[in-house]
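K.L.:
Could you build the full structure based on these sequences and the hints that come with them?
If you want the building blocks of each chain, they are given just below.
2 protein chains.
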Amino acid sequence: MSKFLLCDEKSSFEFVIESEAFEGVKEIGKTVAEDIRLVTGKEPVQVECLDKVQSEVAVIAATVGKSSILDAFSKQGIVDTSLINGKREVFMMKTIELSDALSNIKRILVIAGSDKRGTIYGMFRLSELCGVSPLVYFGDAMPEKKDVLEIDIAGLNEKKQTTENIVTNEEEKDGSGDELLISKEPSVYYRGFFINDEWPAFGNWATDTFGGVNAKCYKKIFELLLRLKGNYMWPAMWNSNFSEEGPGIENALLADMYGVVMGTSHHEPLCRAGNEWQQQYKKYGDDNSWSFISNEEAITKFWVDGVLRNREFENVYTIGMRGEADSKLLPEDATMKDNIEVVKKAILAQDKILKEKVSDKLADVPRMLAIYKEVEDYYYGDETCEGLKDWDELKDAIFLLSDDNHGNLRNLPTEAERSHAGGYGMYYHFDYHGAPISYEWTNCNRLTKTWEQMTQAYEAGVTKMWIVNVGDLKEMEYPLSFFMELAYDYEAWGLNGLNRTKEFAYKWIDKQFGTRLTSAQKDDMFKVLEGYTRFNAMRTPETMNDMIYHPVHYREGERLLGEARGILETTEKLNQELTGEALLTYQSMIYYAAAASLNLVIAWIITGMNHEYAKKGCVYANSFIAEIEERIKRDQELVDSFHNMADGKWNHCLASAHTGFMTWDDREWAYPVTCKVSPISVAKAMVSFRGQDRYHLGAHWQDMAPIVSTDLLYDQNDETLLDIDLKGNVACAYKITLESEALECDSFEGKVKNYPGRETITFRRSSSLKAGVDVEVKGRVEISFENGQKTYVELLFKVCGNSKCDNENVLDSYIKGSAGVVGKDRPYCCFRASEFDFGHLVDDNGFEVIEFLGREGNAIKALPPMRTYASAQDAPYVSYNVRADEAGEYDIIFYLLTRNPSVKGGRMNFFMAVNEEEPVTVHSVSDHYYTEWQDTDWAQGVLTAGRQVSAFVTLNAGINSIKVFAGEPGVIIEKIVIKKKDYLLPVSYLGPNL
Amino acid sequence: MSKFLLCDEKSSFEFVIESEAFEGVKEIGKTVAEDIRLVTGKEPVQVECLDKVQSEVAVIAATVGKSSILDAFSKQGIVDTSLINGKREVFMMKTIELSDALSNIKRILVIAGSDKRGTIYGMFRLSELCGVSPLVYFGDAMPEKKDVLEIDIAGLNEKKQTTENIVTNEEEKDGSGDELLISKEPSVYYRGFFINDEWPAFGNWATDTFGGVNAKCYKKIFELLLRLKGNYMWPAMWNSNFSEEGPGIENALLADMYGVVMGTSHHEPLCRAGNEWQQQYKKYGDDNSWSFISNEEAITKFWVDGVLRNREFENVYTIGMRGEADSKLLPEDATMKDNIEVVKKAILAQDKILKEKVSDKLADVPRMLAIYKEVEDYYYGDETCEGLKDWDELKDAIFLLSDDNHGNLRNLPTEAERSHAGGYGMYYHFDYHGAPISYEWTNCNRLTKTWEQMTQAYEAGVTKMWIVNVGDLKEMEYPLSFFMELAYDYEAWGLNGLNRTKEFAYKWIDKQFGTRLTSAQKDDMFKVLEGYTRFNAMRTPETMNDMIYHPVHYREGERLLGEARGILETTEKLNQELTGEALLTYQSMIYYAAAASLNLVIAWIITGMNHEYAKKGCVYANSFIAEIEERIKRDQELVDSFHNMADGKWNHCLASAHTGFMTWDDREWAYPVTCKVSPISVAKAMVSFRGQDRYHLGAHWQDMAPIVSTDLLYDQNDETLLDIDLKGNVACAYKITLESEALECDSFEGKVKNYPGRETITFRRSSSLKAGVDVEVKGRVEISFENGQKTYVELLFKVCGNSKCDNENVLDSYIKGSAGVVGKDRPYCCFRASEFDFGHLVDDNGFEVIEFLGREGNAIKALPPMRTYASAQDAPYVSYNVRADEAGEYDIIFYLLTRNPSVKGGRMNFFMAVNEEEPVTVHSVSDHYYTEWQDTDWAQGVLTAGRQVSAFVTLNAGINSIKVFAGEPGVIIEKIVIKKKDYLLPVSYLGPNL
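From first to last, the protein sequence lines stand for chains P and G. For the first sequence, this note's numbering gives the first residue as 1, with consecutive numbering after it. For the second sequence, this note's numbering gives the first residue as 1, with consecutive numbering after it.
Where hints are given, some of them may not hold.
Heads up, the list lumps identical chains together, so a pair's fine if it works in one copy or across two of them.
What the hints assert, rightly or not - Lysine-lysine pairs mimicking DSS-like chemistry, simulated, CA-CA at most 25 Å apart: (1) 145 with 511; (2) 633 with 753; (3) 615 with 676; (4) 507 with 184; (5) 464 with 87; (6) 145 with 507; (7) 345 with 361; (8) 633 with 676; (9) 507 with 527; (10) 30 with 145.
Simulated from the structure, these hints should not be mistaken for lab results.
P.N.:
What follows is the structure in structure tokens.
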């Protein structure tokens with residue numbers, strides 16, 4: 001038997017869940033039955049024993065130790081529960097064919113869990129096998145309708161063995177004729193997410209939809225968590241009180257029933273929500289101060305009551321203490337010792353409560369101390385005071401490390417620290433309310449960054465707890481799916497997942513859309529997902545403004561505008577093509593996030609152009625106004641439409657302020673301001689080359705320096721664009737005279753009209769000139785106008801090839817492999833770090849090219865991620881051939897991705913050597929680098945997602961070999977620029993164009 | 001007889017101009033006859049002898065030595081020509097009653113000139129006495145119609161003796177019973193103007209009107225010059241060739257006939273126009289280079305021909321040499337010696353030509369060397385080479401000094417230099433095409449500055465030649481009238497003219513409008529003239545942009561906007577009120593200049609506000625857009641209307657580019673760019689105090705520093721304005737709660753509506769609090785909004801009075817006389833320099849308050865202007881009482897008017913002393929100050945019309961006496977600011993508000 005028929009046109013299977021089963025299993029039984037109904041239209045009946053089954057097919061969902069049936073099957077040798085017994089959160093599925101004529105049952109599918117969550121994971125696995133996505137509710141991923149439901153357990157096993165496809169579970173055969181599938185134990189012990197900073201979006205949505213952030217609401221959230229194979233959660237707490245507002249204790253009861261381990265966030269000790277103290281302090285005294293120095297007794301009692309209230313449920317107890325509202329505990333002038341002592345005092349009091357009220361074996365009580373912000377300082381301590389890190393009291397506590405709130409890991413356990421008995425966790429962010437600038441509106445996370453960073457965490461031994469802040473939750477379905485999958489099945493997706501996020505994305509798309517998409521549509525969908533998340537990760541909507549992508553330099557604005565328009569076009573195309581439930585799914589999780597994000601990117605880029613041309617007084621500036629205003633209107637329309645879609649199911653979910661922020665918070669948020677030029681009343685033309693600041697207005701005294709087209713120099717197409725703009729409201733005819741036969745242009749005369757007030761002429765070197773050999777073409781061009789205005793331009797073409805280099809092989813290697821040419825008329829060169837000429841591995845380790853990681857494309861990182869090289873000696877490297885026209889001093893600039901050192905005080909060193917010179921150390925960050933807003937290096941890095949570090953190098957004339965050696969963890973290089981020492985790179989967001 | 005009847009209803013006088021009279025006198029006779037016709041409608045007949053007179057009244061216009069009649073009258077003792085004989089440019093008028101029954105002539109008016117120009121001035125004086133303005137053509141100042149024409153020569157004499165009114169001529173009685181009037185000799189020998197940089201305005205106008213810059217055109221210009229009692233002119237030469245395009249020599253012939261002494265501009269030697277060389281060099285060789293090193297022979301011949309062509313006429317010969325197109329002669333790397341030697345060589349060649357072709361007595365040949373720009377360096381020479389200044393060859397040449405092209409004198413003759421036999425001249429500018437930024441559109445000159453600077457020149461001995469660059473001429477009528485009058489009658493208008501420019505203005509108005517204006521209209525007219533010229537002098541239209549008057553600080557933009565609107569309102573009111581010829585006169589010389597200038601001032605100020613509020617995202621920004629666009633349209637309308645007025649008489653005359661310049665020339669000229677805010681879609685209010693940068697958006701973390709109203713501190717009205725702006729498109733209701741009874745406000749609740757998106761609330765201290773004693777009022781104010789937003793504001797009132805000061809007298813003196821209070825909550829104080837507590841004179845000389853001189857009001861200058869004090873000892877001074885709340889270090893900042901040192905390397909020193917301390921020297925400019933664009937101090941000074949110099953002072957607590965002593969010429973102080981040393985004054989154009 002390879003396929004197991006669950007339902008056919010006539011009848012459905014029935015669920016057998018015994019009366020002694022966990023309540024949560026019974027409840028999830030109903031949810032899964034509902035899932036099945038969505039597929040077949042027929043909801044499986046749930047019965048308590050096999051006798052009551054009337055269908056030919058029974059599905060038994062049971063937990064080892066909580067099932068007479070399993071006991072019996074085990075005794076009978078039908079189901080070998082010893083295969084899962086004692087395992088953590090594991091399930092097995094076994095199909096059984098019956099031939100007993102006495103029973104109407106022909107086939108049984110046993111879903112046996114090693115524990116409650118194992119059973120539930122197994123049950124949701126059945127949903128998935130029937131085509132139901134974990135995002136059926138939150139992503140409106142409605143399953144495809146089927147009359148007949150068959151599952152193929154054996155097929156899954158075979159897939160695993162024979163393809164590279166995603167395998168999320170270990171699945172095995174047990175040797176019987178029946179099909180058997182056994183899941184793996186999860187990779188990370190506690191896995192979950194944190195709903196945070198949940199107003200106005202999530203908060204209003206929950207209130208409208210469920211009447212509050214209550215148990216009705218958490219039922220949906222817990223189901224999502226469990227479907228994603230999570231087991232741990234921090235509840236919303238900005239303005240909510242999980243254990244008091246379910247109503248009452250209902251939320252906590254529900255979590256316990258479903259087997260969800262509850263925590264409280266990093267700064268809410270002992271089951272108490274942040275708000276509770278001010279609401280309840282009067283029960284404990286008159287003093288409302290949250291100070292363990294002045295108000296110890298009251299706060300201790302408050303904590304005791306928290307533990308008494310929640311101790312019956314499965315919890316990880318947050319310990320330690322921060323100030324109220326996620327602030328520092330003590331005033332700024334307190335010493336390190338003062339701080340550590342008060343934290344220690346609080347922890348001792350907390351541990352005492354836990355020992356008295358929960359278990360006198362403290363090691364059995366899951367405790368977590370978050371090493372967040374200033375707590376990191378207390379964790380390490382200083383010369384005045386030992387830190388918390390080595391305090392024996394905490395040996396069994398989980399140390400929850402955290403990122404910098406912007407998805408970049410901070411300190412990770414050193415090799416020595418990894419033996420910490422309590423283990424390590426990671427508090428990661430997909431959303432944040434705080435410095436340098438909040439990002440709370442829509443998804444700004446790329447799978448590849450999550451992969452790269454969380455893999456590094458796992459490799460550093462951070463395996464006990466992964467919790468991700470998902471903000472308002474909605475629109476985070478895509479990165480959250482990946483995060484949870486990675487936490488559950490690191491073996492499949494961790495280091496083995498190198499360059500497989502694209503594969504994940506396609507699988508994810510399949511899971512949501514089933515067979516509803518054509519292959520081309522899947523490609524489009526991937527383009528949209530990758531595209532909009534790339535733009536948002538490169539610069540969040542909140543931090544976008546008119547000054548980001550430069551309207552002139554390197555034609556950056558133009559280039560990114562083209563990319564954004566391309567992705568938006570695909571986004572809209574899918575929205576046109578899809579229908580029905582597929583459209584709904586698309587809109588719910590992808591369309592609005594992408595369209596609204598890209599709409600703003602475009603609005604701001606063209607606003608930058610509008611401002612640039614307005615500053616120059618060109619009427620062309622006005623041609624952008626209508627679109628800017630249209631896009632502002634569109635932004636509001638998109639938000640409104642999203643709120644109205646599916647009968648308003650997601651009302652409020654995109655309500656956050658979302659662009660033009662000038663401070664860390666949203667108080668200054670603003671739409672683009674449009675500038676309108678009032679033309680002067682005469683004919684006046686402005687002549688400029690696209691990508692250059694300089695322009696000419698016809699005054700001969702402007703001519704003193706020749707205008708050289710850098711585009712001709714550097715554009716690989718060997719063409720340059722000449723723009724003629726109008727400053728007046730009088731159309732103006734032009735004539736172009738080329739004084740060199742080596743030049744060509746696509747128009748020799750024309751008229752610049754009032755609207756749009758611009759003409760563009762393309763210049764190329766003559767096609768009669770051959771490429772591949774050195775060509776230097778200079779030519780004078782005259783642009784004259786009917787108003788008498790004249791501009792003379794000196795154009796200079798330089799194309800690749802080096803006639804001075806007489807070694808054919810070197811020339812060949814240059815032409816084929818060299819990354820760049822610098823010197824003489826080329827003040828800089830620029831190449832992708834991934835385009836190295838040679839990669840040297842050490843012990844099979846070295847730099848890997850990682851796709852979709854850089855701001856613009858791929859980037860290189862040395863793997864495994866925690867392997868550290870103290871010097872260039874024995875370090876793997878990559879090398880680049882760079883040709884310098886002239887020997888001399890140059891700057892080499894490394895365009896790194898924004899990451900943080902993995903050790904306190906670390907500088908993410910790596911090494912570089914030119915030709916045969918001794919390698920030098922390059923520091924990625926300064927020696928006072930600090931992951932808080934006060935450090936502008938960090939803040940800028942977070943805002944731009946990249947940073948540059950540079951070093952002086954001396955190059956020889958001719959080919960130079962530049963080696964870049966692996967150093968410390970965290971170094972990711974996307975681009976390398978080499979420039980003449982005295983050349984100033986024009987301001988831009990991404991640097992020179994690759 | 002006191003009144004002389006020239007014409008009555010029936011008949012007019014007849015002109016007797018003998019056949020032997022100067023042709024120019026005959027020609028001017030026709031012009032004056034035409035003038036009379038404009039008044040009476042009857043044109044006087046011109047006859048050659050008394051016998052031919054048929055009327056009862058004859059007017060004889062004759063020149064001593066060119067008139068048989070005068071000879072006869074003289075012999076007969078009827079006219080004593082000895083009273084004028086040998087005088088320069090003098091005329092006498094004598095009325096004679098006849099009783100001879102044989103003749104029909106009853107009365108004769110003799111106008112006898114000492115020379116041709118004397119006669120002509122006398123004839124035009126007759127026109128004036130008949131009510132014809134010198135600006136009858138150029139200012140469309142049509143005389144009032146009269147049936148009867150009487151003149152009262154005796155009355156003029158009496159007026160002179162009994163009133164302070166303007167007296168432009170010396171007029172005397174000769175003791176006979178008849179009336180006699182004798183004019184004075186002109187104060188300045190050569191007086192005239194230069195039409196320059198005359199395209200597109202004057203050039204197109206002349207071409208349209210006269211077919212070119214030809215003799216028809218110069219007839220009008222020469223008449224203007226002579227009516228204004230000028231005698232000297234530099235012709236247009238940007239693209240014209242005076243002596244070749246009349247057509248041919250006609251222009252020069254006409255000048256000669258009219259008695260106009262022709263010059264060529266400072267860089268056009270020996271009667272040759274600048275353009276002629278390139279047009280004619282082929283006559284002299286193949287080499288077109290304008291180099292006296294390589295092309296001496298050809299250039300010499302070229303000069304010879306120039307002299308031969310023009311020597312028959314009255315000329316002042318420009319000598320020396322500059323490069324072509326008014327540039328430097330030698331390349332930048334030439335030494336001082338190289339330069340001086342080539343100039344000397346050229347001058348020797350020029351003198352040789354003049355000796356050979358004009359007169360071997362070189363002292364009799366009027367020669368002028370312009371000390372312009374780099375020629376000044378050659379004039380002084382250096383240690384390597386003696387300058388031209390003491391070169392014997394030049395002892396009889398006029399040294400024509402020049403201003404800095406922006407109306408600020410440069411070096412003036414020292415006492416020793418004043419003995420130079422050739423005398424000194426001044427080349428002054430009312431208009432300039434060059435650095436730092438050209439001003440060529442309309443009049444930017446104030447009479448008071450011209451008075452102040454040209455008086456200083458005269459007092460320094462610059463009396464031989466005054467020539468003013470009037471650019472396109474049109475719209476310069478008002479300052480040109482004053483310049484010419486001052487040059488002609490320095491005795492009346494020079495030092496004696498202190499604070500009499502207002503009187504001049506009223507006289508000038510009378511001359512143009514006669515009795516057509518009411519007294520109130522004259523006041524209005526003065527307001528308009530003074531107002532628009534003040535704005536244009538403070539900042540030219542060309543240099544206006546949105547960044548000039550600060551939209552926030554000191555409420556500067558708002559204040560100047562109010563002033564400009566007030567003046568514009570009066571400008572428009574007069575335009576509504578006046579009719580017929582008075583309206584035409586007004587429009588021709590005042591209305592368009594004022595309306596167009598002020599229209600732009602307003603446009604730019606509100607653009608600054610538009611940009612400021614747009615930057616902050618306030619929808620209020622949008623409320624400015626319509627007016628900005630309206631004013632841009634209005635600018636074009638005003639120019640067009642001016643061009644169309646009087647049947648297009650002045651077409652082209654306002655055609656120059658005129659605003660938003662970004663470089664020295666007009667290539668970047670632009671109108672204001674408007675910014676439009678797209679409101680966010682929620683209710684969001686912004687709370688701010690008028691005049692302050694800080695604003696509040698309701699986030700409580702913005703509250704950390706209290707908002708203190710500086711308006712309350714410093715505004716004399718003791719009130720402050722609270723602005724509530726909207727950032728969103730949702731109207732928002734507000735409530736205000738005052739937590740102090742010491743405060744009052746004019747509104748406690750209201751609603752900010754979408755348009756204009758702003759509400760303003762006025763706060764005052766409670767009227768129950770008494771003024772006059774120290775009052776410090778602090779109060780908390782809560783501003784809350786229906787959207788939940790809240791702002792708490794700490795308001796602080798401080799009013800004058802010092803309870804700590806127990807000496808009643810000191811307190812009294814402080815309250816009455818003290819200029820300012822500084823310290824504690826008052827970081828600065830500010831007062832007018834003219835508001836000194838005490839002025840100390842030395843030998844009756846000292847600081848004088850000069851009205852209408854400062855950018856904002858009056859200013860002080862020590863007179864006489866060339867009196868120099870090397871130290872504070874014996875120098876006159878003014879003193880100011882300043883109260884400091886706290887002893888300590890302060891900065892004292894002097895707001896000076898932009899002027900230049902009168903000696904090479906001078907620094908315009910003056911002296912200052914605090915209390916009993918030793919006086920210290922204050923330098924107005926740096927020790928490397930240089931009046932060229934390369935010196936940003938100079939350039940900034942020229943652009944802003946002011947500069948600041950500061951000094952550290954230590955003040956005692958309590959009253960301090962600050963003395964300011966006169967020092968070197970050129971120091972004019974308008975305002976004094978004293979501020980705490982560490983306090984940074986907010987950026988503004990004019991500094992703190994007085």
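K.L.:
Now tell me, hint by hint, if it's right for this structure.
P.N.:
A quick look at each hint next to the structure:
no.	hint	in the structure
1	145 with 511	within (14 Å within a copy, 99 Å between copies)
2	633 with 753	between (29 Å within a copy, 20 Å between copies)
3	615 with 676	both (10 Å within a copy, 15 Å between copies)
4	507 with 184	within (20 Å within a copy, 106 Å between copies)
5	464 with 87	within (16 Å within a copy, 113 Å between copies)
6	145 with 507	within (19 Å within a copy, 99 Å between copies)
7	345 with 361	within (20 Å within a copy, 111 Å between copies)
8	633 with 676	both (18 Å within a copy, 14 Å between copies)
9	507 with 527	within (14 Å within a copy, 81 Å between copies)
10	30 with 145	within (19 Å within a copy, 109 Å between copies)
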